[in-house]
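> Sequence:
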Amino acid sequence: MALNNDGHGLLQVPGFNSIPLEFQLPLEARFAHGLIGFRHPHRLTKREMAMLRLMLHITEQPEWDRAILDPDEARLAQWYQDAKEGTEGFLISPTTWDWCLAELRDKAETWQRTGHLLVFDSSSALCQADLSKLVGELQTEIARLGSQQDHDSPLVDPSLYPLVYDRSYVLVQGGDVSLENLWKLPGQVAKDLPIRRPFSRITPGLEESRYIQWGEYESCWSSRFQWLPCEVQFEPEPLNDIGVRVKSYVNNLHPWHHKGLYTQLERLIGSAVPSWNDILFYGNTRGRRAPRILTYGCEVHNQNEDHQVFDLVHRWLTWNMQCATYEEWQERCDIAREYLAGPEPPRWKQACMSYGARWEDMTQAMWDIPKHVKIAIHAKRRRKAWFDHPEPGVSFSYEQWRKGQCTGSAIHPQRLGKHPDPQDHHHVPVRLEQQFRQEGLQVVVEITRIDLTPENPVYSGESHFHIEGLRNDHIVATSLYAVECKNVTQARVAFQHEDGIDSDELDCKVPEALSLVLDIGAWANYEEPPEALHTFGSVGTTEGHLLSWPNTYRSKLESFQLRDTSQSGHMTLVKLRLVDPHYRVCSTRNVPPQQHEWWAAAAEQASNLDKRLPRELILSVMNQTDCWPMSDLEARHLREEFHRDHERARTAIDKCVWYNNALILDGQDW
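If you're matching positions, the sequence shown starts at 1 in full-length UniProt numbering and goes up one per residue.
Check the hints yourself; a few may be wrong.
Restraint-style ranges between C-beta atoms, simulated for each label pair [stated by the list, open to error]:
id: 1; residue 1: M366; residue 2: K655; range: 24 to 32 angstroms
id: 2; residue 1: E137; residue 2: R347; range: 48 to 56 angstroms
id: 3; residue 1: A324; residue 2: R358; range: 24 to 32 angstroms
id: 4; residue 1: A143; residue 2: H8; range: 53 to 61 angstroms
id: 5; residue 1: L69; residue 2: S132; range: 18 to 26 angstroms
id: 6; residue 1: A74; residue 2: V430; range: 46 to 54 angstroms
id: 7; residue 1: D424; residue 2: R644; range: 39 to 47 angstroms
id: 8; residue 1: N487; residue 2: R644; range: 32 to 40 angstroms
id: 9; residue 1: A143; residue 2: H427; range: 36 to 44 angstroms
id: 10; residue 1: V430; residue 2: E597; range: 37 to 45 angstroms
id: 11; residue 1: G86; residue 2: P62; range: 38 to 46 angstroms
id: 12; residue 1: T87; residue 2: H151; range: 42 to 50 angstroms
id: 13; residue 1: P345; residue 2: E462; range: 35 to 43 angstroms
With a cut-off of at most 27 angstroms between alpha-carbon atoms, the simulated DSSO-like pairs for lysine-lysine come out as follows [stated by the list, open to error]:
id: 14; residue 1: K259; residue 2: K575
id: 15; residue 1: K384; residue 2: K371
id: 16; residue 1: K133; residue 2: K575
id: 17; residue 1: K184; residue 2: K247
id: 18; residue 1: K486; residue 2: K259
id: 19; residue 1: K418; residue 2: K403
id: 20; residue 1: K247; residue 2: K259
id: 21; residue 1: K575; residue 2: K84
id: 22; residue 1: K349; residue 2: K374
id: 23; residue 1: K486; residue 2: K575
id: 24; residue 1: K509; residue 2: K418
id: 25; residue 1: K349; residue 2: K509
id: 26; residue 1: K384; residue 2: K374
id: 27; residue 1: K575; residue 2: K247
Bear in mind the hints are in silico, worked out from the structure with no lab data behind them.
Only a predicted model underlies this, so the values are computations on that prediction, with no experimental measurement involved.
Just so it is clear, CB atoms sit at the ideal spot from N, CA and C, and this is done for glycine as well.
Use the sequences and the hints to build the structure in full.
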């Protein structure tokens, strides 16, 4: 089914002219997203997560690339020492450090050559780009927008005056909205759109083959709202150094009053395209990168250690039920004390949790009860069983991994082999400017200014991790550009990713050890297992830098505050959300502006009302028509409903997350 919204004929997009609103392209024909969609094919090991965080930390240091490429041995040694002394230092072995250095050299070369840096790069990746050359003019143009009402009401808010089914006027028969004349509409405007009824049961795609309760998948769609992206066309012969033009109005940003800002947005969007190329991947693939450490199990040493003490102490309630004399019992206790006082591996190498008392915690009363002593020595035996976190470079080298070769070779293979890993990892390169040169892109623009004052010195941050947009919006990538950071601490964006873990493929005699290898938290038997989500950490926003990520990542803007609490400060951010260009959705090309103020100003100018009627009468006329096309009051009410749709979708997505069941393996009860 061909999708088209160019205005030359019927509007052929989801939700219009007999095309179902829930229309979906097959996985191989669209990019991946995380709205009950793509998950990591594997859960990354705890050591690989530590590697990703270490490499991010190093790339946040001043002139890190020079220190790597023109080796500054003193700085490198200090970074290694700091890493080993950190909370995850036990995971940074010499082998791990060597791999990180090799990868950092490649990252440094790419950064110096392109100005792009991939971080947290696994099956999904984040891209940082230095676009400081855009800061000055963007600051000037955004300043003309005035002040923001509150933290929840962006200066340019895509959730205000969105596409509202049954309410918005849409050019369904063809025609387009011109930037030069927003109200000269050559096509037919639909006044009576069909009512959107609740969805029937939707059959999830292949990538969503998981247990989903009734209504949760449907909750990721909205039968009422959709963001309205602007149309972006690639210049066949670029007139500027970026080569894109915004061809339809940015929703809630008047193109006549803010021509300078439109020009700067074109530069920003054009500069974001290479970052989107770096992070997008197709829905039927296994993502951008294979794991650096692939394992489905781990080896546990010294399990069920044999020692005479286990034959000498039994679970009786009093010593005289086991020994004829107290002296005999004390001899056995001496053997138990010697065993309990013996060495044991550090906590991070211990294969399982231990709930028994340590010998130094044993009171005399406890020593007189064989059951307590038995529990203590069994706990000691559990603590003495140990494992090693798998290292990188065991089943394939760094060079092989970098080229995607032999990455399906696991250190410990799958138990059943129902879903074998491909021997090599293949990534299909993305070049938006080539693949979609004729169609162009659709981008949702949001501009936010967060003001802090001595009276309100803290921005509390977003409360939940979330995927951007609804399924109607078909968002596949997001870019966040820090335009201005004045007298505020660094804002950071935290990231989380869902995993596709299959406990049937895991193999370990001590499941708790494998749980530690795979960075899965512990839980009691009466609790639900942890969700199959991996929190990677946070990436800092820097003025003039663009941070981009695929919509497979969940994100959350973290808290920040004033540096100098005696003065005001603010942070200005531009967020660009890319609609999957394999789709076409209803955009501002197809919907005339809905803002009453825009229409009123244009009508007054076109009719020369200021020359024909007194000002008081003009205001009276405009007040009588304040619902055309939509009043500000109605738009704000609808925005609240739109936000409730987003919250419903977020809740549904959370309910559909799998659980990490590594501890439910058939391990020995020892």
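> Would you mind marking each hint as holding or not holding in the structure?
Hints, verified against the model:
1. M366 x K655: 24 to 32 angstroms: violated (45 angstroms)
2. E137 x R347: 48 to 56 angstroms: holds (54 angstroms)
3. A324 x R358: 24 to 32 angstroms: 29 angstroms Cβ-Cβ, so the 24 to 32 angstroms window holds.
4. A143 x H8: 53 to 61 angstroms: Once the Cβ atoms are compared, 39 angstroms apart, the range 53 to 61 angstroms for H8 and A143 is violated.
5. L69 x S132: 18 to 26 angstroms: holds (21 angstroms)
6. A74 x V430: 46 to 54 angstroms: violated (40 angstroms)
7. D424 x R644: 39 to 47 angstroms: holds (46 angstroms)
8. N487 x R644: 32 to 40 angstroms: Holds: the Cβ-Cβ distance is about 35 angstroms, inside 32 to 40 angstroms.
9. A143 x H427: 36 to 44 angstroms: Given about 41 angstroms between the Cβ atoms, the range holds.
10. V430 x E597: 37 to 45 angstroms: holds (40 angstroms)
11. G86 x P62: 38 to 46 angstroms: With Cβ atoms ~19 angstroms apart, the hint is violated.
12. T87 x H151: 42 to 50 angstroms: violated (32 angstroms)
13. P345 x E462: 35 to 43 angstroms: Since P345 and E462 have Cβ atoms about 40 angstroms apart, the given range 35 to 43 angstroms holds.
14. K259 x K575: holds (19 angstroms)
15. K384 x K371: holds (20 angstroms)
16. K133 x K575: Holds, at about 18 angstroms.
17. K184 x K247: Within the cut-off at roughly 15 angstroms; holds.
18. K486 x K259: Answer holds: K486 to K259 is near 25 angstroms, not above 27 angstroms.
19. K418 x K403: It holds: about 26 angstroms lies between the C-alpha atoms, which stays within 27 angstroms.
20. K247 x K259: The hint holds at about 12 angstroms.
21. K575 x K84: violated (37 angstroms)
22. K349 x K374: holds (23 angstroms)
23. K486 x K575: The given pair, whose Cα atoms are some 18 angstroms apart, holds under the 27 angstroms limit.
24. K509 x K418: holds (20 angstroms)
25. K349 x K509: Measuring from Cα to Cα gives roughly 15 angstroms; hence the hint holds.
26. K384 x K374: holds (15 angstroms)
27. K575 x K247: holds (19 angstroms)
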